[in-house]
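Q: Spelled out from the first residue to the last, the chains are:
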Amino acid sequence: MTETVLRVEDVKTHFVTGSGVVKAVDGVSFSVGKGETLGIVGESGCGKSMTALSILRMVPAPAGRIVGGKVFLCGEDLLQKSEKEMQTIRGSRISMILQDPMTSLDPLFTIGDQVAEPIRTHSKTHALNVLARATEMLRLVKIPSPSARMSSYPHQMSGGMRQRIVAAIALACEPELLIADEPTTSLDVTTQAQLIALLKDIQQKLGVAMIVITHDFGVISRICHRVAVMYAGRIVETADVQTVFGAPSHPYTIALLKSLPRFGAGLERLHTIGGQPPDLRDLPKGCSFAPRCAHVMDICTTEFPSQRDIGAGHTVCCHLAGPGRSAQ
Amino acid sequence: MIRIARAFKGIPRIPIVILALVVAAAIFGPWIVPFNPEESDLVNQFIPPFGMEGGSGAHLLGTDHLGRDFLSRLIVGARISLMVGAMAVFFSGFIGTVVAITAGYLGGIVDAILMRMTDAMLSMPYLLIGVALAGILGPGLLNLVIVLGVLGWASYARVIRSEVLKLKTLDFVVVARITGCGLGRILWRHIFPNIVNTLIVLATLHFGTAIILAASLSFLGMGVSPPTPEWGLMVAEGREFIDSAWWLVTLPGLCILLTCLAANLLGDWLRQRLDPKFRERA
Amino acid sequence: MQRYILKRLLETLITIWIISVAVFMLTRLTGNPMDLLLSPMASAQDQAVATKAWGLDQPIYVQYWKYAYGMLHGNFGNSIYWGTPTLDIFLERFGATLQLATFAIFLSATIGISVGVLSATKPGGKIDSFGRVLALAGQSMPTFWVGIMLVLLFSVSLRLLPTSGTGGLSHLILPGITLGWYSMAAFTRLTRSAMLDVLDSEYIKMCRIKGLPERLVIWKHAAKNASLPILTLFGVQFVHFLSGSLVTETIFAWPGVGRLAVWAVYNRDYPVVQTIVFIVASGYLFVNLLVDILYAYIDPRIHYE
Numbered sequence: 001m002t003e004t005v006l007r008v009e010d011v012k013t014h015f016v017t018g019s020g021v022v023k024a025v026d027g028v029s030f031s032v033g034k035g036e037t038l039g040i041v042g043e044s045g046c047g048k049s050m051t052a053l054s055i056l057r058m059v060p061a062p063a064g065r066i067v068g069g070k071v072f073l074c075g076e077d078l079l080q081k082s083e084k085e086m087q088t089i090r091g092s093r094i095s096m097i098l099q100d101p102m103t104s105l106d107p108l109f110t111i112g113d114q115v116a117e118p119i120r121t122h123s124k125t126h127a128l129n130v131l132a133r134a135t136e137m138l139r140l141v142k143i144p145s146p147s148a149r150m151s152s153y154p155h156q157m158s159g160g161m162r163q164r165i166v167a168a169i170a171l172a173c174e175p176e177l178l179i180a181d182e183p184t185t186s187l188d189v190t191t192q193a194q195l196i197a198l199l200k201d202i203q204q205k206l207g208v209a210m211i212v213i214t215h216d217f218g219v220i221s222r223i224c225h226r227v228a229v230m231y232a233g234r235i236v237e238t239a240d241v242q243t244v245f246g247a248p249s250h251p252y253t254i255a256l257l258k259s260l261p262r263f264g265a266g267l268e269r270l271h272t273i274g275g276q277p278p279d280l281r282d283l284p285k286g287c288s289f290a291p292r293c294a295h296v297m298d299i300c301t302t303e304f305p306s307q308r309d310i311g312a313g314h315t316v317c318c319h320l321a322g323p324g325r326s327a328q
Numbered sequence: 329m330i331r332i333a334r335a336f337k338g339i340p341r342i343p344i345v346i347l348a349l350v351v352a353a354a355i356f357g358p359w360i361v362p363f364n365p366e367e368s369d370l371v372n373q374f375i376p377p378f379g380m381e382g383g384s385g386a387h388l389l390g391t392d393h394l395g396r397d398f399l400s401r402l403i404v405g406a407r408i409s410l411m412v413g414a415m416a417v418f419f420s421g422f423i424g425t426v427v428a429i430t431a432g433y434l435g436g437i438v439d440a441i442l443m444r445m446t447d448a449m450l451s452m453p454y455l456l457i458g459v460a461l462a463g464i465l466g467p468g469l470l471n472l473v474i475v476l477g478v479l480g481w482a483s484y485a486r487v488i489r490s491e492v493l494k495l496k497t498l499d500f501v502v503v504a505r506i507t508g509c510g511l512g513r514i515l516w517r518h519i520f521p522n523i524v525n526t527l528i529v530l531a532t533l534h535f536g537t538a539i540i541l542a543a544s545l546s547f548l549g550m551g552v553s554p555p556t557p558e559w560g561l562m563v564a565e566g567r568e569f570i571d572s573a574w575w576l577v578t579l580p581g582l583c584i585l586l587t588c589l590a591a592n593l594l595g596d597w598l599r600q601r602l603d604p605k606f607r608e609r610a
Numbered sequence: 611m612q613r614y615i616l617k618r619l620l621e622t623l624i625t626i627w628i629i630s631v632a633v634f635m636l637t638r639l640t641g642n643p644m645d646l647l648l649s650p651m652a653s654a655q656d657q658a659v660a661t662k663a664w665g666l667d668q669p670i671y672v673q674y675w676k677y678a679y680g681m682l683h684g685n686f687g688n689s690i691y692w693g694t695p696t697l698d699i700f701l702e703r704f705g706a707t708l709q710l711a712t713f714a715i716f717l718s719a720t721i722g723i724s725v726g727v728l729s730a731t732k733p734g735g736k737i738d739s740f741g742r743v744l745a746l747a748g749q750s751m752p753t754f755w756v757g758i759m760l761v762l763l764f765s766v767s768l769r770l771l772p773t774s775g776t777g778g779l780s781h782l783i784l785p786g787i788t789l790g791w792y793s794m795a796a797f798t799r800l801t802r803s804a805m806l807d808v809l810d811s812e813y814i815k816m817c818r819i820k821g822l823p824e825r826l827v828i829w830k831h832a833a834k835n836a837s838l839p840i841l842t843l844f845g846v847q848f849v850h851f852l853s854g855s856l857v858t859e860t861i862f863a864w865p866g867v868g869r870l871a872v873w874a875v876y877n878r879d880y881p882v883v884q885t886i887v888f889i890v891a892s893g894y895l896f897v898n899l900l901v902d903i904l905y906a907y908i909d910p911r912i913h914y915e
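Residue numbers (our numbering), protein chains in the order written: chain A, 1 to 328; chain B, 329 to 610; chain C, 611 to 915.
By construction, these hints were calculated from the structure, which means they are not laboratory data.
Be aware that one or more of the hints could be misleading.
Unchecked claim - Under the rule of at most 20 Å between Cα atoms (straight-line distance), these lysine to aspartate or glutamate pairs were calculated in the EDC-like manner: (1) K70/A x D100/A; (2) K830/C x D807/C; (3) K834/C x D113/A; (4) K12/A x D181/A; (5) K81/A x E824/C; (6) K830/C x E812/C; (7) K200/A x D181/A; (8) K815/C x E83/A; (9) K732/C x E83/A; (10) K834/C x E824/C; (11) K124/A x E824/C; (12) K815/C x D10/A; (13) K12/A x D113/A; (14) K285/A x E268/A; (15) K494/B x D439/B; (16) K84/A x D100/A; (17) K815/C x E76/A; (18) K830/C x E303/A; (19) K732/C x E702/C; (20) K834/C x D909/C; (21) K617/C x D439/B; (22) K285/A x E303/A; (23) K732/C x D810/C; (24) K815/C x D181/A; (25) K205/A x D188/A; (26) K815/C x E182/A; (27) K815/C x E85/A; (28) K70/A x D113/A; (29) K34/A x D188/A; (30) K732/C x E824/C; (31) K84/A x E824/C; (32) K205/A x E136/A.
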């Protein structure tokens, strides 16, 4: 059993808006072990990014607040820490890669400066060694001629290279946990493959625990060990990657996988999931997916399905799943 | 039509009320004023506003150095300012839009020349040019409008041109060109409707500036001439008597301030509503 | 970088040329420039001399050439009223305007930028609300009224400060505030807006994710990025200052170029007007050129266009 790096317990993050309280994250629980990659997958707006920001305690205030739950990093509850303590944790023990490499780097400072910043902030490394280490990080993410690149500016590099530099920044202090928020969404397919391969390689080298947030099942299949499926601010299914693809239990997961276009399947209409995701200010009583579910029962609209264990690390929030039973 | 009506939902009340009052004063002014604003009454000079020592209910805002009722002058002044402001905005907006669309859409050497001219215009200290031009043309309402029109077109041109440049590359315009739409049709039916929003915002904001500029020119003696009750001119006239009749300089300026403030508030609100690019953080 | 500077310099010179043409056309508007450029009491002999000097009996492009040639050699014509070179008259008064303008811009930039930064770091707070109201009001007030109100309050009612003339700091304060008022409002609004935009960006988010201390986030990253539009504003304010100085100097009897300009127009001394317009406009273009070059030093993306 690998050592648990991150354990998220029933985290709730709400936003107070003029038109109601938006429950962006509504009771999310999962854990990630050392050297393991957890994928969080779901539609846009389901709360994946907000979960990541909640872990980092960077929820946009004053409208947003974490209203409940616990986040344990190697046993310490991050939600109890002061802002100053969080500043020492961010960038050194937990790191994040953002979606758009074109805007993640400050255009006015050199690459070298930006990679060196977390090193300087979080360690007492001597000035000369800081630059050497920064160059090492660029080499680690396979940037060609890293020493020359230290004095380049972001606008002189392509999107793929910038994303790798962001990865270098994120890994500069050898964090225990790396969160990648849609790291491949803004990249073209070839560059995506390179980045995923790089992240996998680094994880093996450094043993870092990773959370990859994405809506792309292709990425999930290539890099994740386990997957959590999110819908309307809640996790509806968690399982290892083979089970999610081979024997999904929750109707939403099944529908998502069905809607993926399949190679070699001939001309057929793409499946879609009818209806719309619910308004996060006004979640329905009971299961949030009920209005769109093909297998909806009476109990689904009145009682929220609590998480149930259906075998080897496979949990699901669905009334259809009793212990051992699946929806199919 | 529905789009415009929907756009007006949630309009800020204060600027609208102020502007409505000013517009009402402008339209109905000459009929509702208690006294003739241009009629002197040398027996009743320098009566302070009502509520102050020596004030009377007959002249709510007092009288000026020639005994003319101040309230009446302020009300008729609204008409002058509004007329000048509206005409200046129309004039500038028209020239600016034509220049912008021509430069932006045609590109090349036409664009280069027009843009250099616009830059030159924007680099000239506007009041200085205004004063010089007004001096040459002579005083009067129409000349004032001409001067303001000439001073204002460049800001419109610059902003609208960048809008046109962005629009030019958009698919629907390219498609229109490919399918053989004539130049006029493209400009009128595709380009123009998409810059109207920006134009409205610019016009509203320019309105306030135009009123201030008109008042400044009149203050310096280059705009309208006495006995016209223009707010800026009234401040200039009252300046001599600043230590005895403070209301002569304070009140007209306050009118300018309120009108311009209302226009600016409205313009800012419009900017947020009509043009998401300009969205200001709340 | 050199190429960028040269390109901008060329653009500036071309625009200055256009301005010279515009100024030239200004006095040819009425058809007979002698009305504007010569004293009405000029003798027939003076008129003949002028006709020859300005080429009034020759085609317009010859006239322009004579005019431009003169300017390139420092000859900007003579004042009708004084008979002395307009350039000298301008330079005599330029110092006073420069002094006032420098004081005003220092005042407005310092206060405006500070309030703007404070507003942006605590949006919705007390300083923010106060700053926004002040800024909006500031841009809705005509400069001449600000000046007169200040005089009313501080000179007439409170008798604290002098109403006019030059002389030490006490004479500089009221005109300085008057001149700088509009700019202060502009600086406040722009700084707030620029800072908010920058603070909302992904790279600032990234800085916080890196765990950088807040002072580095604000003063190293946010400030440098926000300084770009603020720098541009400095250049733009120059134009407002020169316009504002016309009114301010008139109200406070400040012996500068602005007051000279108003006087010259009123008294129909057009050679003086012509010179002032040309020099001031060209000056503004050079200030803008400097701002652009400075910009290119701060922002590495610029010279790669």
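Q: Confirm or reject each hint.
A: Now the hints, each set against the structure:
{"no.": "1", "hint": "K70/A x D100/A", "result": "29 Å, violated"}
{"no.": "2", "hint": "K830/C x D807/C", "result": "16 Å, holds"}
{"no.": "3", "hint": "K834/C x D113/A", "result": "14 Å, holds"}
{"no.": "4", "hint": "K12/A x D181/A", "result": "19 Å, holds"}
{"no.": "5", "hint": "K81/A x E824/C", "result": "17 Å, holds"}
{"no.": "6", "hint": "K830/C x E812/C", "result": "15 Å, holds"}
{"no.": "7", "hint": "K200/A x D181/A", "result": "15 Å, holds"}
{"no.": "8", "hint": "K815/C x E83/A", "result": "15 Å, holds"}
{"no.": "9", "hint": "K732/C x E83/A", "result": "17 Å, holds"}
{"no.": "10", "hint": "K834/C x E824/C", "result": "14 Å, holds"}
{"no.": "11", "hint": "K124/A x E824/C", "result": "19 Å, holds"}
{"no.": "12", "hint": "K815/C x D10/A", "result": "25 Å, violated"}
{"no.": "13", "hint": "K12/A x D113/A", "result": "37 Å, violated"}
{"no.": "14", "hint": "K285/A x E268/A", "result": "36 Å, violated"}
{"no.": "15", "hint": "K494/B x D439/B", "result": "14 Å, holds"}
{"no.": "16", "hint": "K84/A x D100/A", "result": "27 Å, violated"}
{"no.": "17", "hint": "K815/C x E76/A", "result": "24 Å, violated"}
{"no.": "18", "hint": "K830/C x E303/A", "result": "52 Å, violated"}
{"no.": "19", "hint": "K732/C x E702/C", "result": "47 Å, violated"}
{"no.": "20", "hint": "K834/C x D909/C", "result": "9 Å, holds"}
{"no.": "21", "hint": "K617/C x D439/B", "result": "17 Å, holds"}
{"no.": "22", "hint": "K285/A x E303/A", "result": "7 Å, holds"}
{"no.": "23", "hint": "K732/C x D810/C", "result": "13 Å, holds"}
{"no.": "24", "hint": "K815/C x D181/A", "result": "13 Å, holds"}
{"no.": "25", "hint": "K205/A x D188/A", "result": "26 Å, violated"}
{"no.": "26", "hint": "K815/C x E182/A", "result": "15 Å, holds"}
{"no.": "27", "hint": "K815/C x E85/A", "result": "18 Å, holds"}
{"no.": "28", "hint": "K70/A x D113/A", "result": "35 Å, violated"}
{"no.": "29", "hint": "K34/A x D188/A", "result": "30 Å, violated"}
{"no.": "30", "hint": "K732/C x E824/C", "result": "13 Å, holds"}
{"no.": "31", "hint": "K84/A x E824/C", "result": "10 Å, holds"}
{"no.": "32", "hint": "K205/A x E136/A", "result": "14 Å, holds"}
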